[in-house]
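S.K.: Below are the chains, spelled out letter by letter.
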Amino acid sequence: MRSFFSALLRSKAGLFGWIILSIFVLAALLAPVLGLDSPVRGSLSARLDPPTWTGLFSPGPHPLGTDQLGRDILSRIIYGSRVTLAVAAAAVILGGIVGVGLGIVAGYFRGMTDRILMRLVDIQLAFPLMLLALLVVAALGPSLRNIIIVLALTSWIRYARIIRGQVLAVREREFVQSARAIGSGTLRIMFRHILPNVLTPALVVGTLELARVIIMDAALSFLGLGVPPPAPSWGRMLADGRTYLSTAWWIVTFPGLAIVLTVLSVNLVGDWLRDYFDPKQRGLK
Amino acid sequence: MIRYLLGKLAESAIAIWGVVTIVFFVTRILGDPSALLLPIGASPEEMARLQADLGLDQPLFLQYLSYLGNIATGDFGQSFQFGRPAMGVVLERMPATMELAFTALILGTLLGVVAGTIAALNRGRLAELVVMLFALLGQATPVFWLGIMLILFFAVDLRWLPTGGYGTPAHLVLPAFTLAVFVSASIARLLRSNLLDVLKEDYVRTARAKGLMPRVILVWHVGRNALIPVVTMIGIIMGELLGGSVVTETVFSWPGVGRLIIQAIETKDFPVIQAGVALIAFIFVVINFAIDLLYGLLDPRIRERR
Numbered sequence: 001m002r003s004f005f006s007a008l009l010r011s012k013a014g015l016f017g018w019i020i021l022s023i024f025v026l027a028a029l030l031a032p033v034l035g036l037d038s039p040v041r042g043s044l045s046a047r048l049d050p051p052t053w054t055g056l057f058s059p060g061p062h063p064l065g066t067d068q069l070g071r072d073i074l075s076r077i078i079y080g081s082r083v084t085l086a087v088a089a090a091a092v093i094l095g096g097i098v099g100v101g102l103g104i105v106a107g108y109f110r111g112m113t114d115r116i117l118m119r120l121v122d123i124q125l126a127f128p129l130m131l132l133a134l135l136v137v138a139a140l141g142p143s144l145r146n147i148i149i150v151l152a153l154t155s156w157i158r159y160a161r162i163i164r165g166q167v168l169a170v171r172e173r174e175f176v177q178s179a180r181a182i183g184s185g186t187l188r189i190m191f192r193h194i195l196p197n198v199l200t201p202a203l204v205v206g207t208l209e210l211a212r213v214i215i216m217d218a219a220l221s222f223l224g225l226g227v228p229p230p231a232p233s234w235g236r237m238l239a240d241g242r243t244y245l246s247t248a249w250w251i252v253t254f255p256g257l258a259i260v261l262t263v264l265s266v267n268l269v270g271d272w273l274r275d276y277f278d279p280k281q282r283g284l285k
Numbered sequence: 001m002i003r004y005l006l007g008k009l010a011e012s013a014i015a016i017w018g019v020v021t022i023v024f025f026v027t028r029i030l031g032d033p034s035a036l037l038l039p040i041g042a043s044p045e046e047m048a049r050l051q052a053d054l055g056l057d058q059p060l061f062l063q064y065l066s067y068l069g070n071i072a073t074g075d076f077g078q079s080f081q082f083g084r085p086a087m088g089v090v091l092e093r094m095p096a097t098m099e100l101a102f103t104a105l106i107l108g109t110l111l112g113v114v115a116g117t118i119a120a121l122n123r124g125r126l127a128e129l130v131v132m133l134f135a136l137l138g139q140a141t142p143v144f145w146l147g148i149m150l151i152l153f154f155a156v157d158l159r160w161l162p163t164g165g166y167g168t169p170a171h172l173v174l175p176a177f178t179l180a181v182f183v184s185a186s187i188a189r190l191l192r193s194n195l196l197d198v199l200k201e202d203y204v205r206t207a208r209a210k211g212l213m214p215r216v217i218l219v220w221h222v223g224r225n226a227l228i229p230v231v232t233m234i235g236i237i238m239g240e241l242l243g244g245s246v247v248t249e250t251v252f253s254w255p256g257v258g259r260l261i262i263q264a265i266e267t268k269d270f271p272v273i274q275a276g277v278a279l280i281a282f283i284f285v286v287i288n289f290a291i292d293l294l295y296g297l298l299d300p301r302i303r304e305r306r
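Chains as they are written, first to last, in the UniProt record's numbering: chain X, 1 to 285; chain Y, 1 to 306.
Any given hint could turn out to be false.
[Unchecked claim] Pairs of lysine to aspartate or glutamate residues, derived as DMTMM-like cross-links and limited to a Cα-Cα distance of at most 20 Å, are as follows:
1) Y:8 x X:174
2) Y:8 x X:114
3) X:12 x Y:128
No lab work stands behind these hints: they were computed from the structure.
Sequences are here, hints too, so could you generate the full structure?
M.R.: Okay, structure coming up:
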């Protein structure tokens, strides 16, 4: 653990990523006790108030202004982050379970199983992920559960590919050979011996996938196919704010900045994790 | 090389079959279109007649077979909103989508190659830091938000360019630039790290020792090898550009296939959704096939391996 922190302190980018990400996660977790305005109930007398610090006329204490219904933007961004982060994390974990599982199966059994699974991955990769997501959400209807399923569906392939490659190497290692020699069952070998050895790459893939999934989630809600209202969502805030582009720039600016900062910090953390676990790669990517 | 080519061709064919199969089964979940086509209060007999006309009364597997047969000839059925063949409606919108995607790809690749090279050759200097910072930000910025911000600045505030629409070169500037930022960010990061790898290779040291001009080494020894992975990257980027067209085209009111698909989803125009998604996926498969061939030509090791 000490080497973890000292490695972190040596990487400015990694440290920056962890700090920003921690702030977002903390704000999301603590949202109910931060004393924010309601993210869903606005006051019509406070419609389209500019951010307080701009010095323009703005009666209420709205640090990032209010939207077309008089709702506080800061509060909506923070409450929106709860939805976004929870959906993205659930999708990446679900996709990870499926992808890692199938990756292990493909790499362990090889042969026909491997070929069929990898062909499946290829077929899905031939499908632009955004279109696949759009099609499935349109079919199932946008709900919290369906969005998570759809995002996980776009995510499992990357795990499966990378984990399969890892398993192909791990299954030839001595401890797996000896486990097989003493008659351990297939399931036991896969879960007790192989799985722990591929968790690190899975964690790195998962972090980088998290960034991609956050953007895709925002894109879906921007198109009106995200988690349905009244839950605040970053993508829909952007879509709503477009109508008021010429009068209220803050509605579209701040939720977008929140997306950029979150994705940037997750990417930095992912890059850092990859370098940390794989020193050969350090400084290259 | 022939075996490599045939192998790739078979892979592409399977991928296309897979895509149209997914499209068929997913759109079947969307529901029974006959309920939407008939006016409210239509009698059960009318409903049954329409279902028979559309072939919806047959077993799913037979429906799937006749679907495969139809789309092999490009027939995706009639668009509900336009009353014309769905594929025709989609094809009309295709030039706009391709125009935007390719402009962005070319612009973004040029920007990315220049930026990535500058970063690699200025290891540890300010230039590298600036390029990498922009690349990181470019990758973290959702294309639709960047688009909105550029509209806000260049169209709403400065009034230099139109906020959206299609027709003149001025309409192309903002959407193409928005997408090019995303493209160049990915390429710059990848190229920089490839260049740094290749610069360490023995053959580069040999070339230097022979006294070749640095520029010759950079182009012939380093550049060629560092660009090979970039070719693969372009395939992935094309997928993002084509798939992402649903978002970009919505932001810029660009009359391409992406925006058509969104409208079709809103009006539940299933034949158009199917035709649009299948066509974009088809183009994507063809592009990837072309890239695999190019890859085999550029790197002899790849085609020898099989």
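S.K.: Holds or violated: residue 8 of chain Y with residue 174 of chain X, Cα cutoff 20 Å?
M.R.: violated, 36 Å
S.K.: Please verify whether residue 8 of chain Y and residue 114 of chain X have alpha carbons no more than 20 Å apart.
M.R.: Answer holds: residue 8 of chain Y to residue 114 of chain X is near 18 Å, not above 20 Å.
S.K.: Just to be careful, I want the Cα atoms of residue 12 of chain X and residue 128 of chain Y compared with a cutoff of 20 Å; is the pair within it?
M.R.: holds, 15 Å
When each numbered hint is compared with the structure, a violation occurs for hint 1 only.
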